[in-house]
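Q: Listed below are the residues making up each chain.
There are 4 protein chains.
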Amino acid sequence: MQRIVDEIAEQMANVSDKGSVATYIPQLAQVDPNQFAITVALPNGEIYSAGCSQTLFSIQSISKVFTLTLALGKLGEALWARVGREPSGDPFNSIVQLEHENGRPRNPFINAGAIAVADAIMQGHKPKEILAEILRFIRFLANDDAINIDEKVAQSEQETGNRNASLAFFMASFGHFENPVDEVLGTYFHHCSIAMNTVQLAKAGRFLANNGINPDTNCVVVSSKRAKRINSLMLMCGHYDGSGEFAYRVGLPGKSGVGGGILAIAPGEASIAVWSPGLDIIGNSKLGTQALELFTSKTGWSVFSV
Amino acid sequence: MQRIVDEIAEQMANVSDKGSVATYIPQLAQVDPNQFAITVALPNGEIYSAGCSQTLFSIQSISKVFTLTLALGKLGEALWARVGREPSGDPFNSIVQLEHENGRPRNPFINAGAIAVADAIMQGHKPKEILAEILRFIRFLANDDAINIDEKVAQSEQETGNRNASLAFFMASFGHFENPVDEVLGTYFHHCSIAMNTVQLAKAGRFLANNGINPDTNCVVVSSKRAKRINSLMLMCGHYDGSGEFAYRVGLPGKSGVGGGILAIAPGEASIAVWSPGLDIIGNSKLGTQALELFTSKTGWSVFSV
Amino acid sequence: MQRIVDEIAEQMANVSDKGSVATYIPQLAQVDPNQFAITVALPNGEIYSAGCSQTLFSIQSISKVFTLTLALGKLGEALWARVGREPSGDPFNSIVQLEHENGRPRNPFINAGAIAVADAIMQGHKPKEILAEILRFIRFLANDDAINIDEKVAQSEQETGNRNASLAFFMASFGHFENPVDEVLGTYFHHCSIAMNTVQLAKAGRFLANNGINPDTNCVVVSSKRAKRINSLMLMCGHYDGSGEFAYRVGLPGKSGVGGGILAIAPGEASIAVWSPGLDIIGNSKLGTQALELFTSKTGWSVFSV
Amino acid sequence: MQRIVDEIAEQMANVSDKGSVATYIPQLAQVDPNQFAITVALPNGEIYSAGCSQTLFSIQSISKVFTLTLALGKLGEALWARVGREPSGDPFNSIVQLEHENGRPRNPFINAGAIAVADAIMQGHKPKEILAEILRFIRFLANDDAINIDEKVAQSEQETGNRNASLAFFMASFGHFENPVDEVLGTYFHHCSIAMNTVQLAKAGRFLANNGINPDTNCVVVSSKRAKRINSLMLMCGHYDGSGEFAYRVGLPGKSGVGGGILAIAPGEASIAVWSPGLDIIGNSKLGTQALELFTSKTGWSVFSV
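Protein chains in written order, with my numbering: chain B, 1 to 306; chain U, 1 to 306; chain W, 1 to 306; chain S, 1 to 306.
Calculated from the structure, these hints are not laboratory results. Because the structure is a prediction, the values reported are computed rather than measured. A couple of the hints might just be wrong.
A pair counts as met if it fits within one copy or between any two copies, since identical chains are not told apart.
Claimed, not checked - Once the Cα atoms are required to be at most 25 Å apart in a straight line, the calculated SDA-like pairs of lysine to any residue come out as:
hint, residue 1, residue 2
1, Lys152, Pro180
2, Lys298, Cys52
3, Lys128, His176
4, Lys126, Asp182
Bound conformation, chain B alone (with noise of 0.2 Å):
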């Protein structure tokens, strides 16, 4: 495993077109783009890594699977009240849709879906008390409590977060919102601006390639079932109107970041984590992608085959 992490990272250091840098979050088109991360976390405990796997960056809409497994803990299956779970075809910050559906998002991880989870995980907390709730969240799943929230980039966020908040108010207007608009989008700006390096986020995604249970402590983080509905999430929604693209290439649930991270997860084999900050123009890592594919095709690694 570890032969073959540190070939797709050499593989990957000789790729001459690494993307675009997000543009539109300032703090993150500072990123230097020459930069990969790949790491593998086993069941069993054992890590793998090649690359800056060290260097933290904006894990961003990768935070969305926290919250939803948050949201699906406090709320069950009622959650779907308030968020489809379809593919939406439409870029990450569309809000067509919303009018089409009266409102409610497609899926929880398209803005307009995780915006909607947010709300629903505060019930009328503070944004503060929800935030350290979140971080607790995956400090446990990571079993590392040095993870937390930059706070340049938040600010960042929250001044350039025009369209996340006529989304907010969009759905605010069909009166779906249970605490107050900017609250909510504080939450959200804030969960996308957990900064973890690829080892913590591999680590924080073995529930979910392990039923549900983390390896570090055998706790029951989500039930089996739950842990196999939020992989078919990801990899139905995962990568907004990429999804069928990720599906097609890797054949793994995957959330992408427009940091530039990606985590996969291989169901019972391993949680895996890559990060390479240049975005293809849908707005998933160029070489992020490119590193899974390499990886599922080394290993054999597929939901889709034996």
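Following the hints, put chains U, W and S in place on chain B, whose structure we already have.
A: Then chains U, W and S, alone, in the frame of chain B:
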């Protein structure tokens, strides 16, 4: 396994709301909704059935799995210039996306995509020749020469196929068609009218559960990689705008047809065919989906867990 | 003329289905639907009224005619870089077109367009200053210094204005706004909350019926060409997705508001204001439209005939 | 008046960017773009022309004014059950709205709407019979029996009419058609292929400028009310998604065709026909629009001013 399928058939017999038979094709509207069948075909050749598994039904859109396989055989990855591989988020017969995306359908399983695939495999041949080839291929997969087209259904489709004609002429208006529109439509309507029973259908799907190999003959139908990819497309797009729901509840690649059939693939485990003519509002078999959900609960099979 | 307006008021009193009062702004929901007023203001200074023509009502979107006139005065034809001049074919608060057309609203009379106009006229000034200017302008047009903003309605709008906030943030996300979003919204909500009666409104509209000249003072409010063009925009876009219907039935340029008012212009003949709070499903005054249809039948006035 | 049209013809000869000839109908693509004609027909019988006003051109969508008039004669207001009367905000050949609005086109001047009108006037008759009736009607309006269909253009349309076929089959799929789709299309393609010169066209439009009365014969073609309403539809919808622009710049009801012709109506004043084959990006005659803008500046004619 026999006990499992028997239990499922028994439970399905007791469900009161069996959905509504498709009415827009007169021949399908005449089918008795109180029918149910399930067949599980294992790679080792074992077959387990319950319900009316010898009754022929119209496979309709399930045929798109087979024409896609043929098209990939003929054109390889070049096929994707003609049709995308993203979930559409729209109903099976929607034309909106075609206008927004210059006549290129989102995926090969919505009607527009399958019509484009029909055009792609014709390559100047007449419908008769192509339909003979499609039939030969399905008979070979199922190892059953009795499989045939139901001419009455084909006739009925053609007479009520204005919406599909609209989709075809729309794509043709972008210069995307290589064959006369009416011949492409003739091919499409006829391959949708192939009649099979669940035993035949489950057997025809085995190559997808078996890394591309037909277990009866050990022939390589498609490469292991291609089998994986077809499964990925079935999972992402096989149930139209209900694909996310099916992945969430059943967790297996599957393709539905408005005749009430569903073909589901548990990679490495089995090919499963269910049939019950009553549909849900999206157009997928109501009991068929419930039966598969029950089946995966009982077997624990899912692509999203160990 | 007095007989005509009396007859119309009488007939309107006998209509049983008076439509439904707008409910999404609480202050408007409290208005008694059994009210009707009509005023015809001739260029020669004559005024003919019937019904409760002294009762103040919230002019709402009719104010957009006055802010558009101001904006054209300040920016001239450069305004059209910010907003289009085509009918939208969509409801007044739709956001779909904004996404398809990069945040540029179709015309200045849908909500998004009027918010963009509000931003355009602010030019760095505070809402208070701009609102004072708008009020001064309308008072000058109507020759009536008693016209004012209804603060309760403005407050009510602000509290329930999530949809408009969504539109504003959406446009701001394209970098189209020169002023802070909340200040633009404040300006918009307040100018929509101006209260007038039909006499004041009909008088304020006379410049559009009189080649741009205020008949009280003989001041040139706008050039004859601009008056013509504002009339053209009112006819094409003044009733949202009911503009074609209004042109067909009434045949005059007109602008409606959800407060139940309509300002209609018969070029060279008169400025006509009607008011009745009950709305049709599109959001235009039900009795107001009927009254204008009757009025044009009786007078023979129409821009489409001799 | 003769001086006005001469000046306009002269100015148009000097315009360098004459737009692009429609290419999707091969026969139209062969027309020399350096042609211009204008004819003004007054109700008193006077005719003023400049440019090549004897050259025949394909009237294309201008024919929709005449088929609409016929349809209103046959069905009266019941026609509006088949087709709406709102501007569409979409291109002439868009299908998106048809899907969102259950196959009912927005107005009779977009392609879908005119095809629906063609179906409405057929009433079981064959294309040949209906086309004879349409021709008789136009000859009567223009008082000119030489007007005919250009069979080459009709043939060319039919061969390249996939998009229109798509629209027709789409509407038919909702059960909205009373006649066979191919016959409706045949009628539509042929009436679009009527060839006229600007003199004939201006004369044919006089009834709309003259309260519904043909000035040659004093026959009532339509009631004054209906003439008014047809003018209203021309203003609102006559230039597709450029209707607002035309109303703003020209200020008269008008109907354009991709052959480069425009018929404009100045109620009570004149019927004006212009022709120049080069089109703008929306598909309306570039020089034709400019000529009409100049014409209304010179004459001061506008429905929006005194």
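Q: Now look at each hint and say whether the structure bears it out.
A: Right, here's what the structure says about each hint:
| no. | hint | in the structure |
| --- | --- | --- |
| 1 | Lys152 / Pro180 | both (23 Å within a copy, 22 Å between copies) |
| 2 | Lys298 / Cys52 | within (21 Å within a copy, 44 Å between copies) |
| 3 | Lys128 / His176 | within (22 Å within a copy, 32 Å between copies) |
| 4 | Lys126 / Asp182 | both (11 Å within a copy, 23 Å between copies) |
When held up to the earlier numbered hints, the structure conflicts with none and fits them all.
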